[in-house]
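Please work from the sequences and hints to get the whole structure.
Top to bottom, those sequences are chains A and B.
Using this note's numbering, the first residue of the first sequence is number 1, and each one after it goes up by one.
Using this note's numbering, the first residue of the second sequence is number 1001, and each one after it goes up by one.
In case anyone wonders, no lab produced these hints; they're calculated from the structure.
In this text, a Cβ means the ideal position worked out from N, Cα and C, and glycines have one as well.
Be aware that a few hints might be false.
If you want a taste of the chain B side facing chain A, the calculated C-beta under 10 Å gives, among others [as the list claims (entries may be wrong)]:
(1) Asn1019
(2) Tyr1047
(3) Lys1052
(4) Glu1186
(5) Asp1284
(6) Gly1298
(7) Leu1356
(8) Asp1358
(9) Leu1362
(10) Gly1383
(11) Pro1387
(12) Ile1389
(13) Val1405
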Amino acid sequence: MSKLSFRARALDASKPLPVFRCEDLPDLAEYASINRAVPQMPTGMEKEEESEHHLQRAISAQQVYGEKRDNMVIPVPEAESNIAYYESIYPGEFKMPKQLIHIQPFSLDAEQPDYDLDSEDEIFVNKLKKRMDISALQFEEMIDRLEKGSGQQPVSLQEAKLLLKEDDELIREVYEYWIKKRKNCRGPSLIPAVKQEKRDGSSTNDPYVAFRRRTEKMQTRKNRKNDEASYEKMLKLRRDLSRAVTILEMIKRREKSKRELLHLTLEIMEKRYNLGDYSGEIMSEVMAQRQVIKPTYAIPIIPVTNSSPFKHQEAMELKEYKVKQDKTDVIRPKRKYEKKPKVLPSSAAATPQQTSPALPVFNAKDLNQYDFPSSDEEPLSQVLSGSSEAEEENDPDGPFAFRRKAGCQYYAPHLDQPGNWPWSSPKEGRLGDVRYRYCLTALTVPQRCIGFARRRVGRGGRVLLDRAHSDYDNTFHQLDLEMFSSSQHSSISQFANTSETNTSDKSFSKDLSQILVNIKSCRWRHFRPRTPSLHDSDNDELSCKKSYRGINRTGTAQPGTQTCSTSIQSKSSSGSAHFAFTAEQYQQHQQQLALMQKQQLAQIHQQQANSNSSANTSQGFVSKTLDSVSAQFAASALVTSEQLMGFKMKDDVVLGIGVNGILQASGVYKGLNLSSATPTALVHTSSSSTAGSALLQPSNITQTSSSHSALSHQVTAANSATTQVLIGNNIRLTVPSSVATVNSITTLNARHIPRTLSAVPSSALKLAAATNCQVPKVPASSSVDAVPRENHETEKPALNNIADNTVAMEVT
Amino acid sequence: MAEGMDVSEGCRLPVLRRNQDNEDEWPLAEILSVKDISGRKLFYVHYIDFNKRLDEWVTQERLDLKRVQGPRKEAKTPTKNGLPGSRPGSPDRDTKRKLEVVSPATPVPAATETSPASVFPQNGSARRAAAAQPGRKRKSTCLGTDEDSQDSSDGAPQAPRMTGSLVSDRSHDDIVTRMKNIECIELGRHRLKPWYFSPYPQELTALPVLYLCEFCLKYGHSLRCLQRHLTKCDLRHPPGNEIYRKGTISFFEIDGRKNKSYSQNLCLLAKCFLDHKTLYYDTDPFLFYVMTEYDCKGFHIVGYFSKEKESTEDYNVACILTLPPYQRRGYGKLLIEFSYELSKVEGKTGTPEKPLSDLGLLSYRSYWSQTILEILMGLKAEGGERPQITINEISEITSIKKEDVISTLQYLNLINYYKGQYILTLSEDIVEGHERAMLKRVLRIDAKCLHFTPKDWSKRGKW
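Next comes the structure, spelled out in structure tokens:
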């Protein structure tokens, strides 16, 4: 026998194997030794179990006997099959259907209670049956509903009454029984159920938790792409729907407001009729006053007579104000939106003056909703409105979501109108942005009024002037020249007449006077040249400036100590030497100022703690320290502001003005942070100082007005050049500045000080000091709201700050 | 040793046990748990080298206290280590440990003064401590660095794989699942003694008898409940489509996704008799084929097998069970035969999911042997040549997976290397034994009675 050391070939499953009977192969045993080559297949059992005693015994028995022997089987725990009561409890006779049983879907969902009554319940139900009508099944249904209505905590009796349809008496009985039973129950529910997995994953290894859900990943593997896409679609749909809800909500509010507006308009019309105001004069007068304090809700003026120019201009005014409001809002950081006031539109509309302080807390979008005629102004509102907070929260784009930048305006794409520039007129069905409408415009060189023109930024930042013909063109040319000459002549004696808007010069013609009335009431825009930079300014201008400075000083230095004012005087004499005021110096001054303001603030705090009356008087005293410094600085900063303007590159529109020497008096610039104080000041400069204050008196009701009037006094004390510079610097009138203003003109306008000081919270002061006179872009009246927001404004470029601050100082 | 010696968890000692032949034996056993019922101590013992299904509660009289071996060296920590009760309060335990350990207190609520968990607190889990003992068959391969590193590397408990129905890796085996928790189940006219742990609602585990509706398999805690239930339950057969009927034997197909309640109840019942079955995940990806026997009361469940709707590993059976009262009467083979009939209709070969149990292995081997021998003996010589057949052909005819064919041929010792080639040899013993067995095998599946159209589950979004 060849003891074979070779390895047998692997078993080939596809190779035919001849089948032999052993008796046909007598020599098979000789080959047995190599049969080991046959692959050993695993049994498929766990190794440890494979070696178990009874299995091995059974296997060997099988191999020995060819089959299992009774005593060689694997023993198992016994089972009995002799339940005697089986026949009685299982209902009898189920006839086998001839056909194979085919179950209908949902046929199993018979509405049967899962709860099964036990003997304890039976006793209770039987007892209850004597008094009430209840069956076992009914009882089970009740318990079933109670159990399924309960989570970890059982439902209350009140909830139970809602869950159950039975009468109260029965419900109470069953409920009490159930509560008691549930308390004694070992399980979480009277209907025993397999433990469910917990959401927090803590049940991963609980052996009593079974039938866990397979994870999402597993289930969506096949068409994952599709699933993801549809999931995203659903998210989007959800977002869109929630937006629709928001929009509808807002429409509802808007329509309410419109109805309110209609009623008010009707009321006004009635009042006007009663007053006999057929020409709209009283109305326009009132409107002019209202504009001074920046009404929240413009009331449409429908002239009784057909005085078309008025009509047109009123409409313009409405737009104008809306834009202003929007701007203030858009610029505000979004944190502001969290505090949506609960101001009802009706009440707001009814007392427009009262709402003026609360105005900035309105969302720009909301404001648009209230605006008249809002339904036609969707493009504008789209352009100017910020996204609402709720939307941003729902935004799934997360960190990549589009966020509005403070100070930026974003235009909604008009895909269907590729040539829709903001200056395209509404007549062409375009946007016709109010900022680009034709205004009365004056040029510096040659110094003349060119009549109606509009300014827009062309390619490369060039500022273009589109001119429009009007019947009054001749008058305008005349007007401008006269105005200039008069302003130069009377600049020292008549500050009020030197404003960039028209003066109340009586020497004009009939037409002119009418125009002037219009301008006075601030309904027509008038551009006039900015003061040319010092290098190329003519002597007239320079002298003007100098004299202004002098006036400024006299105005501001008065509250200061005598030494201070004298020093300023000396400085003013060499005013031109200060033109080279550096940024470092400026900064230094800022710090100084901040320090002083802090001190002042601390004192104010102290004094306010004492008593109001004493505080007011002492504040005037305390402010002196600050006043002198600010006055000093104002004097120098007045000059330097124009130089500083060169640094201020942020706002290209403002820059454009600087380049072209065109200035918009009360028009609204892109990114212009026009506070409510500005128009006031401008209006007053156009009239005599007395007239200005007279005009202002009604508006003193609000807190804003107090600072306005203070400001107006200050502006009257100053001259047109001051205002010009101020405007040139982006017209940022600020709370701190107004405070400073008030402080500086204590003697001039002592009447306003207490008000302003009380109106402007100390926190605003503090903040202004701390943030290096960060300029709030809101009216002084809203400084309360502005305070928290200001903390987030620190990222503004330092240069900008400087420029802004310069403005603030110039006011004083 | 003295009686005073404390017999605690982890101790090994001979325990009196009566075998099938009614003879008394003293096999070595390990104490898994101790409980005190009205002053009488009961010990849960696992007989070494016996299947877990024979584990039981014994009284102290049956313990041979003279030959106690203390807990093995892995459990050096004193059994009474000052840990209050079985609640692990030590902060070093992670969530997993806590979960494992908290639960054991509940199935033996009476007086587990020292639960196994507190015996081996340092080891972190009772399971691992127990596994670390040599001679403990179950865990001898699982312990060691692998498991340790696995446990320590990720503190979060791992979820088992999501395919299949059996756990081959017993890393989640803990003291709770090692012990039977249901004493008795009444199902129809039968009373079953569960073999293994099953996650029935915990509050029901303390009951002496758990009552099941034999048609919908709903569990109730008392006979009265069952009676009430039967007035409401109008099922007289498993809630699925009957796809096979011959005589009194029927098969019902139940979709684990469409009929969750029945599928879950069935799984809970089956778990009582299937050690490796996992109920970790839902029943959605499975089909359940329930074999019933009809009588005038209805279609009574005899056994069942589950099957994955889509198997990546050629499994045609996930779990398979003949209920104990019907065991050793050929029903198991009938179930297996049916599963291969389904595979034949599907045109696939299949194999049962691993690991097999001892009874599973015997049943399958028996079925495979008889099926293959039937084919081999039926082969006719053609043209004077020896009859021959390839393994692949056997596989195709029977739908038995090739590996199983080889393993069976090898187990039956039919494959021989003879004169440079493999041949199949049929010994007289084999032939006789087969003929005898086939005479006994009266229950057969009649393919003509099968009304089954396989579904292509892969084309559906979900199972």
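Cut-off 10 Å, beta-carbon criterion: hint that B:Asp1358 touches chain A: Given a least distance of 4 Å, the restraint on B:Asp1358 holds.
Let's test the interface hint: is any C-beta of chain A closer than 10 Å to that of B:Val1405? Where the cut-off is 10 Å and the nearest Cβ of chain A is about 8 Å from B:Val1405, the hint holds.
Close enough to count: is the Cβ of B:Tyr1047 nearer than 10 Å to one in chain A? 8 Å, holds
Cut-off 10 Å, beta-carbon criterion: hint that B:Glu1186 touches chain A: Constraint on B:Glu1186 satisfied, holds at 7 Å.
Interface hint compliance - B:Pro1387 to chain A, C-beta minimum distance less than 10 Å: Where the cut-off is 10 Å and the nearest Cβ of chain A is about 5 Å from B:Pro1387, the hint holds.
Grab the minimum C-beta distance from B:Leu1362 to chain A and call the hint holds if it beats 10 Å, violated otherwise. 6 Å, holds
Can B:Gly1383 be said to touch chain A, with a Cβ gap under 10 Å? 13 Å, violated
Interface hint outcome for B:Asp1284 [beta carbon to chain A under 10 Å]: For B:Asp1284, the interface hint holds, since the closest Cβ of chain A sits about 7 Å away, which is under 10 Å.
Hint check: is the beta carbon of B:Asn1019 less than 10 Å from a beta carbon of chain A? Given a least distance of 7 Å, the restraint on B:Asn1019 holds.
Given B:Ile1389 as an interface hint, is the shortest Cβ-Cβ distance to chain A below 10 Å? With a minimum Cβ separation of about 6 Å from chain A (threshold 10 Å), the hint on B:Ile1389 holds.
Double-check B:Lys1052 for me: the hint is only fine if its C-beta lies closer than 10 Å to a C-beta in chain A. 9 Å, holds
Is the interface hint satisfied for B:Gly1298? The criterion is a beta-carbon contact with chain A at less than 10 Å. It holds, given that the least Cβ distance between B:Gly1298 and chain A is near 4 Å, below 10 Å.
The structure fails to meet hint 10 from the earlier list, while all remaining hints are met.
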